[in-house]
Amino acid sequence: AQSVAQPEDQVNVAEGNPLTVKCTYSVSGNPYLFWYVQYPNRGLQFLLKYITGDNLVKGSYGFEAEFNKSQTSFHLKKPSALVSDSALYFCAVRDISIIFGKGTRLHILP
Amino acid sequence: NAGVTQTPKFQVLKTGQSMTLQCAQDMNHEYMSWYRQDPGMGLRLIHYSVGAGITDQGEVPNGYNVSRSTTEDFPLRLLSAAPSQTSVYFCASSYNRQGDYGYTFGSGTRLTVV
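If you read the protein sequences in the order shown, they are chains B and L.
The opening residue of the first sequence carries number 1 in my numbering; numbering runs sequentially from there.
The opening residue of the second sequence carries number 1001 in my numbering; numbering runs sequentially from there.
Keep in mind that the hints were calculated from the coordinates and are not lab data.
Mixed in with the good hints, there may be bad ones.
[Claimed, not checked] Below, a list of computed lysine to aspartate or glutamate pairs in the EDC-like style, where the Cα atoms sit at most 16 Å apart:
| id | chain 1 | residue 1 | chain 2 | residue 2 |
| --- | --- | --- | --- | --- |
| 1 | B | Lys49 | B | Glu64 |
| 2 | B | Lys102 | B | Glu8 |
| 3 | B | Lys102 | B | Asp9 |
| 4 | B | Lys49 | L | Asp1100 |
| 5 | B | Lys77 | B | Glu64 |
| 6 | B | Lys102 | L | Asp1038 |
| 7 | B | Lys77 | B | Glu66 |
| 8 | B | Lys22 | B | Asp9 |
| 9 | B | Lys102 | L | Glu1059 |
Construct the complete structure from the given sequences, taking the supplied hints into account.
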């Protein structure tokens, strides 16, 4: 079965610094990967997805994700963090349904 | 375009009471699902539906019932509430179960069972 793992429960980054939220995947066949964000007291919102093609995928709010087949990773990145980026981030993979990771809480420190 | 609407936003129940969490979508999505979110547990799938009249169990279905009489609505029923059902519940919908275009989530229902 397909799965994703988010090795960090929490990531702290100073405002203005680059941020990375890590995700690794395990799939048979070609992966179909997502990132979602959850702001406090809100549902999950779609950020971006990778199907095929360019390994760097651009998404909402200035986020991007880098697909690395050799490392089976799909890390979420942003060049310059904002305090408003503080949220819970979920990596996900498509199987017969979408399978979500356990989430990584991102704290941007002012 | 309202997307996925969940009601109520907050609810407190006594142990043994029953209630229905409402979910409605206006995107003509065939696939709808219910998740619960608990600290450190991520999202766990309760029940899902691939179309009107068709429902199936997810990872944690015990204590919950669903029905899908229309494409738009997918209510979740708690038969006899227990403290272990204290959680935040999310409804999600999509064109298909595989989520080719991703899932659209509602804003959640925070349920406390005392």
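Here's how the hints hold up against the structure:
1. Lys49/B to Glu64/B: holds (10 Å)
2. Lys102/B to Glu8/B: holds (10 Å)
3. Lys102/B to Asp9/B: holds (8 Å)
4. Lys49/B to Asp1100/L: Satisfied, since the Cα-Cα distance of roughly 9 Å is no more than 16 Å.
5. Lys77/B to Glu64/B: Roughly 5 Å between the alpha carbons, so the hint for Lys77/B and Glu64/B holds.
6. Lys102/B to Asp1038/L: holds (10 Å)
7. Lys77/B to Glu66/B: Holds. Lys77/B to Glu66/B sits at ~8 Å (cutoff 16 Å).
8. Lys22/B to Asp9/B: At roughly 10 Å apart (the allowed maximum being 16 Å), Asp9/B and Lys22/B satisfy the hint.
9. Lys102/B to Glu1059/L: Distance of about 15 Å is within 16 Å: holds.
In summary, this structure violates none of the numbered hints.
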